[in-house]
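Novice: Chain A is already provided as a structure; the job is to place chain B on it using the hints.
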Amino acid sequence: MSLVRLETRTEGRVLVAMLNGEIDMSNAAGLGAAISNQLSNASLGLVVDLTEVEYLDSAALHMLFELRRRLGTRGQAMRLVVPPGAIIAQALEIMDVPRTIGVGETPDAALQSLLQAVPEAGSPAAPNPEAEH
Amino acid sequence: MQGGGEHIRQGGPGEGQEFLGIGPDESTDLAAEKVTHLYRLGDPALSELNLEQLLRELLNRVREILQVDTVAILLLDERREFLEARAAVGIEEEVERGVRIPVGRGFAGRIAAERAAIYIGDVEHAEIVNPILREKGIRSLLGVPLIVEAEVIGVLHVGTLQPRTFTNDDAVLLQMAAARVAPGIERARLFQALEREHQLAVALQRSLLPEHLPDVAGVTVSARYFPARDEVGGDWYDVIDLDRGLVGVVIGDVVGHGARAAALMGQLRTAVRAYAIEGMAVDVVLQRVNRLLQTIRLRGMATAAYAVFDSESGQLSVASAGHPPPVIVPPSGDPQFLEVDPGPPLGAISHPSFATTTHKLTGEEILLLYTDGLIEVRGESLQAGLDRLLEAARGATSADGLCRGVTRALVASADTEDDVALVALRHTAIPDELALTFPADPTVLADVRQMLRRWIHQFGAGREDVGAVTLACGEACANAIEHAYSPGRASFELEARAERGVVTLAVRDSGRWRPPRGDNRGRGLMIIKASMDDVEIRPSATGTEVLMSRRLRG
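In order, the protein sequences belong to chains A and B. Taking this note's numbering, the leading residue of the first sequence gets 214, the next gets one more, and so forth. Taking this note's numbering, the leading residue of the second sequence gets 4, the next gets one more, and so forth.
Isolated chain A (complex conformation) (with noise of 0.2 Å):
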């Protein structure tokens, strides 16, 4: 059994990656990949819901922030979902996570949270700059 399932959706352009399990040093770095390989370059951000996550230590953070960090250099935005009382809230706030990615209780908050801190999404006609090439 594997420690960890990743399921990915697209909720307009955002995509949506689900992880199911527990994440470490063990599985981090190909989560990362596989979810920064669904990104386009036309995508307005990522949603990483993290609901059904028992549990993620520091390599886990890592991966958050370096994905994070290059989605920042695309101007594209990123959330979290961690629900109230979830277990692993524990870590992220040791790491201050809610207020350096930013997080919603739901999939549905997280993503509107996401489109309001990206420019173009209220206008879906605008064309994406980053899409033009």
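In short, the hints are calculated from the structure, not lab data. It is possible that some hints are incorrect.
Covered by chain B, per the in silico footprint, the following chain A stretches (three or more residues, Cβ under 8 Å) [what the hints assert, rightly or not]:
#1 235–245
#2 268–280
#3 304–318
Covered stretches of chain B, as calculated for chain A (at least 3 residues, CB under 8 Å) [said to hold, decoys possible]:
#4 440–452
#5 470–481
#6 525–532
Some residues of chain B that are not near chain A, with every Cβ distance over 12 Å (derived) [said to hold, decoys possible]:
#7 Thr170
#8 Pro186
#9 Ser316
#10 Ile331
#11 Thr410
Just so we're clear, the structure is a prediction, and the values are computed from it rather than from any experiment. The beta carbon of each residue, even a glycine, is placed where N, CA and C say it ideally should be.
Specialist: Showing chain B alone in chain A's frame:
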């Protein structure tokens, strides 16, 4: 001889003429000699031969008796549309080239269709489908149908390179030969088909049982499978390593035997596995499998029990679809049946519901799942079999020991008319103090966490305690793995003890503590410090030790 075969006709351009009386009959002596020859075809020895040998022997004897140049046997295919050359002497190419003659056409095809002997005086003037007969220069042909229980199963025909007028005696002789060998051919053919099916089913079933049981941390599993003596059964078991310290165990028994039961078993095994790894509850898994079974053609029925064991808490959940009850075996005292509400067998009704039974398995208890082949003995009540099982299970202290004891007492003496499967599961004992050595490989981290969660559970740790201690320990272990300078051989140690509500962990590696470099390791140390009350890093000449403790909040 069946009625249809007695009608002898002559083929050729003016087909349909009576054959009887066409050729001059031989002297009585000669005919008698031939009949004696013929009886050799009824040799008991022939019945011992397999189909190929039987056909070859038959052809040689017929050729000798009738003094012909060629003899061939064609058998009807399964759909009874074509005759296929199965054996030949003198015209071996018929078999090699895989000659197929449509029933009703040509020489052999008409014999099968009309169930009558046919004689062709000159091949040049007859409708011949089989090109080989002409190529080989065969001039005259005589053929009869092979008939078993009023069914044509094939054609036996002889040929000569010189024109020959086959006599009535020849035809009778050939018909007698056909009548003698046809049942033997059919028997051998049926046997061969059954044998093939049996071998196929055995291979199929073998391929469907797990080759080895998964290594699940915190759990010891042992299993056995005993095939039935003569038949292929539909028993199966599977052990499924689920997420988060959960392990699924399933046992099942498809009603019926043979290749179909084995094939259905394979489908059910995959179905259970598919729903199980989605993390569905035990009763839901059985419900889904039942629904899936409704969609399978020739669906059949099966009994099954599915259990999920939580290796961290010791909690066991079981649901049963008409399956015999699981047994719980304590280290001393009486083994007991776990009172599981047996729902209907899988495939029995459209919308069944299954009950979930839970049981907290102590560190010493063993769970046993089995199929009814273990307890059912012909001429004995079911209760007697169940009683004997409890008796045989008494006193077992390991999963493997339980399988061995039960096998010795119940399987060895049984007739094995039915196949038998059993699976035993035991919680691996967890000591009060941990002192473990792990290879310096990131893949061990998940096992370390699982072991630690189980260990800390027994001291009344709350959810947050478990999360914090696991996280701190995970970081310290990850650090030890990163320090390892020769991957593959290097290892690290973990010690854990609890005293008056305070857990203390020590993680020791043989590398030197590196000051935090980059954000990543700095984060690891921050996480450790935030999760534990006291943290001490002790570098030494031989390695680095991270010592940390936390008072359990509960």
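Novice: Hints first: check each against the structure and report whether it holds.
Specialist: Checked hints:
1. 235–245: holds (count 4)
2. 268–280: Holds, because 7 residues of the region 268–280 of chain A bring their Cβ atoms closer than 8 Å to Cβ atoms of chain B.
3. 304–318: holds (count 3)
4. 440–452: holds (count 5)
5. 470–481: holds (count 7)
6. 525–532: Result for this restraint: holds, n = 4.
7. Thr170: holds, 79 Å
8. Pro186: It holds; Pro186 of chain B is separated from chain A by about 57 Å at its closest Cβ, greater than 12 Å.
9. Ser316: holds, 14 Å
10. Ile331: holds, 26 Å
11. Thr410: holds, 29 Å
When each numbered hint is compared with the structure, no violation occurs for any of them.
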